[in-house]
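Colleague: Using the sequences provided together with the hints, build the complete structure.
In order, the protein sequences belong to chains A and B. Just so you know, we're using my numbering here: the first sequence kicks off at 1 and counts up by one. Just so you know, we're using my numbering here: the second sequence kicks off at 1 and counts up by one.
Calculated from the structure, these hints are not laboratory results. Beta carbons: idealized from backbone N, C-alpha and C, even for Gly. You may find that some hints are simply not true.
What the hints assert, rightly or not - Think about it this way: if two alpha-carbon atoms lie no more than 25 Å apart in a straight line, the pair counts; the simulated DSS-like pairs of lysine-lysine are:
| no. | chain 1 | residue 1 | chain 2 | residue 2 |
| --- | --- | --- | --- | --- |
| 1 | A | 124 | A | 225 |
| 2 | B | 91 | B | 54 |
| 3 | B | 43 | B | 91 |
| 4 | B | 43 | A | 47 |
| 5 | B | 54 | A | 225 |
| 6 | A | 47 | A | 124 |
To be verified - Chain B regions said to be covered by chain A (calculated; three or more residues, Cβ under 8 Å):
| no. | region |
| --- | --- |
| 7 | 41–51 |
| 8 | 60–72 |
| 9 | 88–97 |
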Amino acid sequence: MARQADRVILLLACLAGLPAPALAQSGQPATVTVQSTRDPVDKSYRKMIRGMERFERERAMAPNAPLRFQLLPRSPTVDMRGITLRVAGNTVSVSVPVAEDNSFVLPRNETALREDAAVLANRKTTSMTWRALIVTPGLPPGTRRLGDMRLECRVGVEAGLVSNSSPLFSWINEALTSPEQVCGSPNGNYLYFAERPIFAVRLRAGERVETLPFRMLYAGGEQSKTDLQYCDCQVMLDRTFYAPIWDASWPDDTLVEFEYMEDAP
Amino acid sequence: MKLLAFIVSLCLLAGCAGTPAPPGAQVALDRLQQGVVPGTTTKAQLLAAFGPTKSVVFDSGFESWVYQSPAGGGQFSEFVVLINPAGVVTKTRTRPAALP
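Modeller: As structure tokens, this is what we get:
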């Protein structure tokens with residue numbers, strides 16, 4: 001939140017320094033017509049396609065992994081079964097099949113692109129969060145691959161999937177963060193979710209094995225109840241962790257191993 | 001003199017006071033490793049023996065507590081305890097000091 005506040009202050013400072021052409025020229029206030037507003041949590045089809053294009057450009061990080069997107073719970077009461085998804089433009093509506101794990105592949109549709117369509121689920125927008133899902137096949141159970149996660153971050157931020165802000169701040173936040181800033185910095189704070197509640201997360205690259213510090217689990221362990229409502233980790237706090245995706249000393253093939261709170265059911 | 005005041009101001013703004021200890025009560029590692037037994041030690045016993053520390057409580061009723069153990073040179077080992085909804089320690093782990 002502190003970083004968001006910094007950005008808001010920066011932006012307000014910039015705005016305060018701008019001239020006021022609307023009043024200066026004619027003495028009359030200028031009129032701005034807003035044609036429509038999009039819910040800040042709705043997903044932009046164009047942005048998601050940009051995320052897919054970034055995946056293609058940078059897939060050397062995860063050369064054997066396909067790209068999917070995934071819907072995850074954010075509100076405690078959301079029913080994650082039977083979700084339907086569509087790409088909706090002014091004249092086009094394309095149904096998107098959703099798998100049992102709520103992952104999906106976004107189809108490419110030129111009309112939807114032209115019409116700046118939205119990607120909509122049949123759930124309240126604030127009840128779920130979205131992520132890119134890039135998983136190399138054949139990994140040992142209970143592990144991820146760091147290169148896959150690096151690319152997930154870049155695709156996810158490019159696609160505008162993460163909505164950790166209050167609606168007031170979300171557009172400012174998006175305007176001031178690029179995938180390089182978020183995914184290339186220790187302060188990027190891109191959250192990952194394990195399949196089940198975690199007790200420890202270890203990195204393994206050859207002989208080098210290190211356990212992540214406590215501050216990298218559970219969204220830093222600093223979230224108050226009030227903070228949590230603005231975190232898309234809200235109902236998955238016990239599955240949440242940061243990964244050192246910014247640290248080039250860990251190669252893409254690094255295995256991220258999970259020790260769960262409880263054994264598999 | 002003005003330059004010195006400027007540098008001091010910058011230091012204050014940037015936090016020149018040195019790296020603070022990570023959050024969590026400080027307890028010797030051997031005390032923790034000997035005194036906390038998964039499947040046996042309760043939350044009440046943990047509190048009585050080592051005091052409150054940084055913790056995260058989850059909706060599931062599980063809690064994760066972290067103690068810091070001084071390891072010399074301003075470094076700290078982490079001792080993490082998992083407590084189940086019944087109030088019993090189910091897992092512990094130690095993260096050695098001097099890792100990033």
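Colleague: Which numbered hints does this structure break?
Modeller: 4 and 7
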